[in-house]
Amino acid sequence: MALLELDDVTVRYGGLTAVAGVSLSLDPGEVLAIIGPNGAGKTTLFNAITGHTTLSAGAIRFRAERIDGLAPYLVSAKGVRRTFQNGGLFGELTALENVLAGLHTQVPTGFFGVLFGMPAARATERAATSRARGLLELMGIGHLADQPARELSGGQQRMVEIVRALATRPPLLLLDEPAVGLAPAVREQLLGVIRRLVREEGIAVVLIEHAIEFVMTVSDRIVVLNDGKVIADGTPAEVPRNREVLEAYLGH
Amino acid sequence: MPGAAPVSVVRAPTLGRWVFLLVPLLVLPVPFLVNRYIQYVLNLILVYVLVGVGFNIVIGNLGQLAFANVALFGLGAYASGILVVHAGWPWWTTIVPAGLIGALAGILASLPALRRIRLFYLAIMTMAFGELLRWIYIRAEPLTNGSMGLAVPPPMLLGLRLASDRSKFYVFLVLVVVVVLLTSSLLRSRFGRAFMAIRDNELAAAAMGIPTDRYFILAFAWSGFVVGVAGAMYTALVGHVTPEAFNLLELILHFAVVMVGGLASLAGSVIGAIVLTTTPELFRSFPGVQELVLSFVVIGVLLFLPRGLVSLLARRWPVFHERYYRE
Numbered sequence: 032m033a034l035l036e037l038d039d040v041t042v043r044y045g046g047l048t049a050v051a052g053v054s055l056s057l058d059p060g061e062v063l064a065i066i067g068p069n070g071a072g073k074t075t076l077f078n079a080i081t082g083h084t085t086l087s088a089g090a091i092r093f094r095a096e097r098i099d100g101l102a103p104y105l106v107s108a109k110g111v112r113r114t115f116q117n118g119g120l121f122g123e124l125t126a127l128e129n130v131l132a133g134l135h136t137q138v139p140t141g142f143f144g145v146l147f148g149m150p151a152a153r154a155t156e157r158a159a160t161s162r163a164r165g166l167l168e169l170m171g172i173g174h175l176a177d178q179p180a181r182e183l184s185g186g187q188q189r190m191v192e193i194v195r196a197l198a199t200r201p202p203l204l205l206l207d208e209p210a211v212g213l214a215p216a217v218r219e220q221l222l223g224v225i226r227r228l229v230r231e232e233g234i235a236v237v238l239i240e241h242a243i244e245f246v247m248t249v250s251d252r253i254v255v256l257n258d259g260k261v262i263a264d265g266t267p268a269e270v271p272r273n274r275e276v277l278e279a280y281l282g283h
Numbered sequence: 013m014p015g016a017a018p019v020s021v022v023r024a025p026t027l028g029r030w031v032f033l034l035v036p037l038l039v040l041p042v043p044f045l046v047n048r049y050i051q052y053v054l055n056l057i058l059v060y061v062l063v064g065v066g067f068n069i070v071i072g073n074l075g076q077l078a079f080a081n082v083a084l085f086g087l088g089a090y091a092s093g094i095l096v097v098h099a100g101w102p103w104w105t106t107i108v109p110a111g112l113i114g115a116l117a118g119i120l121a122s123l124p125a126l127r128r129i130r131l132f133y134l135a136i137m138t139m140a141f142g143e144l145l146r147w148i149y150i151r152a153e154p155l156t157n158g159s160m161g162l163a164v165p166p167p168m169l170l171g172l173r174l175a176s177d178r179s180k181f182y183v184f185l186v187l188v189v190v191v192v193l194l195t196s197s198l199l200r201s202r203f204g205r206a207f208m209a210i211r212d213n214e215l216a217a218a219a220m221g222i223p224t225d226r227y228f229i230l231a232f233a234w235s236g237f238v239v240g241v242a243g244a245m246y247t248a249l250v251g252h253v254t255p256e257a258f259n260l261l262e263l264i265l266h267f268a269v270v271m272v273g274g275l276a277s278l279a280g281s282v283i284g285a286i287v288l289t290t291t292p293e294l295f296r297s298f299p300g301v302q303e304l305v306l307s308f309v310v311i312g313v314l315l316f317l318p319r320g321l322v323s324l325l326a327r328r329w330p331v332f333h334e335r336y337y338r339e
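Each protein sequence line maps, in turn, to chains A and B. All letters in the first sequence, in the order written, are residues 32 to 283 by this note's numbering. All letters in the second sequence, in the order written, are residues 13 to 339 by this note's numbering.
Treat the hints as calculated values from the structure; they're not laboratory data. Small disclaimer: the values here were computed from a predicted structure and weren't measured. One or more hints might be untrue.
As the list claims (entries may be wrong) - Here are a few chain B residues that face chain A, going by a calculated C-beta distance under 7 angstroms: (1) 190; (2) 194; (3) 196; (4) 209; (5) 212; (6) 219; (7) 222; (8) 338.
Claimed, not checked - Chain B regions said to be covered by chain A (calculated; three or more residues, Cβ under 8 angstroms): (9) 153 to 164; (10) 198 to 208.
For every residue, glycine included, the Cβ atom is placed at its ideal position computed from N, Cα and C.
Extracted from the complex, chain B is given alone in its bound form (with noise of 0.2 angstroms):
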């Protein structure tokens, strides 16, 4: 065209996919440096990475107040439970089992959406969806073992028992890593690309050619997959499942991890679930305390930084910038 300015073509900086083996690589030698305590932190931060990635694709790239992940968490946990107390199968294979039931879990709770109930509506019924499963759970006592909790004990995996948290880690590291890598590799596609054109503008994405119920079914399946697997990674973890472990107070936290982390950021669910994680437990010895100094670090970032922590990262470092493509 005339008159055009000139072509340039710079190339927007990206994280390499080499990142999801750095950082992991990095974090190696952490269990031997740290006491058995930290390195239970460390397993919980690593449970509430998944916990944050997965709902952060509904609420973040999807753009949907909907809140079922505690639903989501709490059916991966009790899954994974129920298959190896129960069933008698090794930790190990519950992990899948669980993700296909967060995945079928997910798409129940996005059904409402597909008929056009969305915003508070949304929000509300799939808060009821999780406090409905609770009751469940409660009720359930032939399989759940009802308000007591079920308990499970320590994971296997391979024939091998993971009775300590270092061996632990090592293998929810290595969930996560794979997870967090597949989430990525879905998200910088048409599919990520979908996901997001449906949240800013959903009848202009029908008019690219876009379905927009199926991919709405499909950031929610994919969303409840995660968070599933995060579920049977808390079981693994805790080896005791109760009712209680669900409730709406476990929602806000979810809700916290996304929105202290950023909106739409893997890496944002990364830090989120590192900062929510660790505040309370920095302020463990002094009681009361603890919901106080994460009620302020909520408010606090969320004032300063509407786009959550990565937010800052991203205004130094534009490598924090996702991209949703590949070149």
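Okay, chain A solo, but in the shape it has when bound (with noise of 0.2 angstroms):
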């Protein structure tokens, strides 16, 4: 079965479509990469996903369940994470802080327990702590738990928010342009993470990206948007000798 299913998804603003009619399935497991050029609708796609635009048309499934018309925050409950184009995470909060933050769901404590110190909400919050440490540890980068995230580098940060969007073990992962800007050692680095993620944890992951190597090196299929619609679908073998994808990005 699949683990995320895309119907016909239309999103307009205004006069504009932004994606126009896009389908997809997306088995669990697996990683897929979306290209295309610029406005091509790749993130607004995302977005879609995640709740945080609503859909014009289409349906969105997860897990057989409809998932479009939900809140972002109920979409994430759901088991679908996502990182931003711009680097989501929360400055002012240390690296520790933001994986707690993104750890929110799962640390069930109640306003009265917390607000009163009983016991039992404590320990639940330090139990917290001590698995936003570990996960931090697991990553690598458990050096920088106590440091703001302004203050991490762009490979540091983008480390950091993806350690984030795993900490509550989602089956679907959603990354937004992960590599752009990061130095080559990085980029391998991130490699070896989402592989790891795919072949230990069974994630399922969607990506964004322009390093088109990138691409081609993590990904088991690609799917190539131009002016929102999906104009190829294939693996990396195949993709690339499209003629209409050879057209959307070199123009003839």
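Using the supplied hints, reconstruct the complex from the two chains, each of which is provided in its own coordinate frame.
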């Protein structure tokens, strides 16, 4: 059964159609890259999946359940997590606090329990903290835990954001341009992280990316968007030979 | 991960809960060392600590330009005064109701923000809310005694009359310690982290499963509760509640407490309350100079320490960096 299904998804802003009838499906543990020129509707498609944008038409199903129309926090709670194109970290919070915020739904403390410092609430908080530290250490960035996010380098921020998105062990992770602006060595590291997630945790990944070599190495399948429409959908071996894709990219 | 830096487990230093007991213990003997005038100023500082702590939740932690703080303060003060004068309640039983009225007004002030009215629009709307209330205090004469102000008899606590400023000091100190401790607990939990996540990136906060609207309301409500309690303390301290006490100048003072102390810092709110309350009092014998000195303090601090006086302490003692988790 498909993990995620998009059925004729359309998003219009006034007269502009940003996403025009996109249908695709994703299996558990699959890595799908979405590529396409600027303005092709890639990020809008992400926003539609995560509930940050409302659909004009179509349906989105996650584990056979409709998720379109749900508020972003509910989509997230169902197990669809994401990172943001220009970095979505909470800048004033430390790396550790960012990951803890990512664990929000899994720290089931109540208002009065917290307010009066009840032992149960404090134990839950402490357990979450050690879990968050563990996650950072697992990714090899435990030493950054107490640094404010805004003081981290671009590559470090990207790593923390991925750890934060993964903290709840979601079945589906959406990465919006994860490799852009990263040094080759860091890119390599990121590649390793994504591969490990897929292999060890069975997480499915959808990523938007311009770095074509990165896309070629990491993905099982590539979908090409142009003007809001899917113009190609195939393996990394097939897609570059597609005539429409060449036209969209090279303009002839 | 291969090639990763070695994992260090250096934990950030944090202020323990003992601070909340140690600091009050240290000031316990102070009332026996000072005269009545200084005692009054100390009591005023305690009122403004809660004014600052409450305001800081909304503008510092939640990061919203909502300026309903004087409205919340005035409502708390009037709620307490009216319950004492007209309903005959002993003062101490009005503290929680004053807080709850403040919380309700806080929720009311959060509604425009929930409808995506933010920044300057939210600022002017919430300021108008405060001015509207001032008009109501003046017009609701049967309850508030209008612009003459409401005279409130000395506060009662469990049958005891708190006639002296010294006795009020100890009651206020307990209230401040309890409310600051509760606020600290709230901020160092997923609730406080949710406030700041919303401040730093609202879309990302929602994508992390945080129901942002709910936390918006909660931050405003708790802020209102804290400031409402400060209002009840103010009534007990001055014994005379007038509409003039809750004007726009008072709002600037509240704003200055937070900014001079340090945004999103509990310790900062305490420092801001001390500095902003004592500075004008130091120059009381030089009329006209008061406002001048106060202005220079605010301008000077914000020019050289945009993160407030607490940043000066944090630079030297890292424990002043507030941490929003427990371990």
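Hints, verified against the model:
no.: 1; hint: 190; in the structure: violated, 10 angstroms
no.: 2; hint: 194; in the structure: holds, 5 angstroms
no.: 3; hint: 196; in the structure: violated, 9 angstroms
no.: 4; hint: 209; in the structure: holds, 5 angstroms
no.: 5; hint: 212; in the structure: holds, 4 angstroms
no.: 6; hint: 219; in the structure: holds, 5 angstroms
no.: 7; hint: 222; in the structure: holds, 5 angstroms
no.: 8; hint: 338; in the structure: holds, 4 angstroms
no.: 9; hint: 153 to 164; in the structure: violated (count 0)
no.: 10; hint: 198 to 208; in the structure: holds (count 8)
Checked against the numbered hints given earlier, the structure breaks hints 1, 3 and 9 and satisfies all the rest.
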